[in-house]
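Asks: These protein sequence lines are chains A and B, in that order.
Position 150 (the first sequence) corresponds to 150 in the numbering used here; numbering is contiguous.
Position 126 (the second sequence) corresponds to 126 in the numbering used here; numbering is contiguous.
Think of the hints as simulated: they come from the structure by calculation, not from any bench.
Fair warning: there could be bad hints in the mix.
Taking lysine to any residue pairs in the SDA-like style, the calculated list, with each CA pair at most 20 Å apart, reads [said to hold, decoys possible]:
#1 A/K41 x A/P28
#2 A/K41 x A/D68
#3 A/K45 x A/D68
#4 A/K41 x B/T118
#5 B/K136 x B/T118
#6 A/K236 x B/V63
#7 B/K236 x A/V108
#8 A/K2 x A/G46
#9 A/K257 x B/F212
#10 B/K194 x A/P208
#11 A/K194 x B/T207
#12 A/K236 x B/E168
#13 A/K227 x B/T207
#14 B/K227 x A/K45
#15 B/K227 x A/L225
#16 A/K41 x A/Q22
#17 A/K236 x B/L225
#18 B/K249 x A/P208
#19 A/K2 x A/P32
Listed below are the residues making up each chain.
There are 2 protein chains.
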Amino acid sequence: MKKIKVGFQGELGAFSQEAVRQLLGDAPTVVPFQRFEEVFKALDKGVTDASVLPIENTLAGSVHENYDHLLNFNVRIVAETNVRIVHNLMALPGVRFRDIRRVYSHPVALNQCLDFFTGNPAIERVPFYDTAGSVKMVMEKGLTDAGAIASAVASTIYGAKILRKSIEDDRQNFTRFFLLNAKQRVLPPERPVKVWKTSLVFTTRNTPGALFRGLSAFALRDLNLTKIESRPLRGKPWEYLFYVDFEGKEEDPVVQKALGHIAELADFIRVLGSYPRGH
Amino acid sequence: MKKIKVGFQGELGAFSQEAVRQLLGDAPTVVPFQRFEEVFKALDKGVTDASVLPIENTLAGSVHENYDHLLNFNVRIVAETNVRIVHNLMALPGVRFRDIRRVYSHPVALNQCLDFFTGNPAIERVPFYDTAGSVKMVMEKGLTDAGAIASAVASTIYGAKILRKSIEDDRQNFTRFFLLNAKQRVLPPERPVKVWKTSLVFTTRNTPGALFRGLSAFALRDLNLTKIESRPLRGKPWEYLFYVDFEGKEEDPVVQKALGHIAELADFIRVLGSYPRGH
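Chain A with its partners taken away, still in its complex shape:
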């Protein structure tokens, strides 16, 4: 059987790769890309069979760029998963903690370890484009006075030694990832599904109460909204696109009625996918 190819952003060992493993196990071939847009383009062109992309983090908030790409590319959300983000300080084997003068990582990761840096004021924070990429660089250059902050799996991949485990300020640090298919070819392993979720995007007419009436399509049918995100509507200053996630499956009769109700009110509506609620 041909192995499926799954694209993600970052170097091997990025948290996105952990999301791939949670969603699809160890079977797929993972294909790293530098930028989110490249991950979407590769899926669109059939270079990959699926994509795994972060959509929000419980501390940093939404990944707005990916909300925009979801609209601009013809993809479907087929699954979601939540990855617990644990940051570890790692370095070349043999390097001791007291040798560390600089620590490289993605700015978001550095910002999530502020207590560590406050407690170790002699250590300089250096922003790098990727968490796992910072480990790769420290190892390849053989730096003996520098460390990197990344996932435990990155330490294994690049042969770095973990000097301090779980140095993130806040343990309530999770990132939610979507599994995307262009043609629904790749599905996650089947499990009994307790709760489905559906994601959609719509615009409202710029009239008083328009969003309230839009949300009534869900509230009046007891469909639980789990997320709402607004993005600017290009070409119409101060108007917005609304991205909504709610509990329910697209095929459910009540969801069909809610979607019909939104369509009555909205200039534009597109369902981005229905998928089992992630853990």
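Starting from the known structure of chain A, arrange chain B on it as the hints suggest.
Replies: For chain B alone, coordinates are given in the frame of chain A:
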């Protein structure tokens, strides 16, 4: 009379400085800071009398970091203004357009001039931390093969020559700025106010229909919602803070009733300010 000090992010000539001028005229002394957080801190400590900060752009969307700072610092929004963003290519006087090999600017500005770069594929885009800062750097280093993208006022301040005017892809490019006071000391010049706006932030209990019921406080009183933004609630994964702007003044009886209604439903509510609608 002592000149008031107004903080903003970026170098002199940044679009934020144009916002200061639109809000307060040429009287204030402007104080540039490198980071948004520094602008808030300076106001909090009384180093400045007021701050001007971008909150959203019609193409790039909200400046989420500033939404977070609005909550974390004890400040009031006292005015808003919209600045039309016009990007100009500029260089050292004497440098001709055909000499330009590289163009420096803030990544958001570079991304808003994609048609220009597509039409001039030999010119490399180089990200820089600030639009006006990129002009300053090109001028200080005396680069003869490089240009910068920034506001017309930046060309005047640093003595650069504009080679191409208004190279932004989309003319519908506006940034909305807030004027913030810590103690309501600085007020914009009084004009007859047609429409007031009020900004607030609240949380909802994590129950089905909670946001819908929250928005009913405005919709059922015909208060026009102009913006809603969600940000993650620290320590409560997958729960959110909602930032809402609506038309009305905090002291209006109907607004008082709406705020009371929200307070019944919300665990937390804070009014960030009432201010005349900007132009």
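Asks: Need the list of violated hint numbers for this structure, in ascending order.
Replies: When the structure is compared with the hints, numbers 5, 14 and 16 turn out to be violated.
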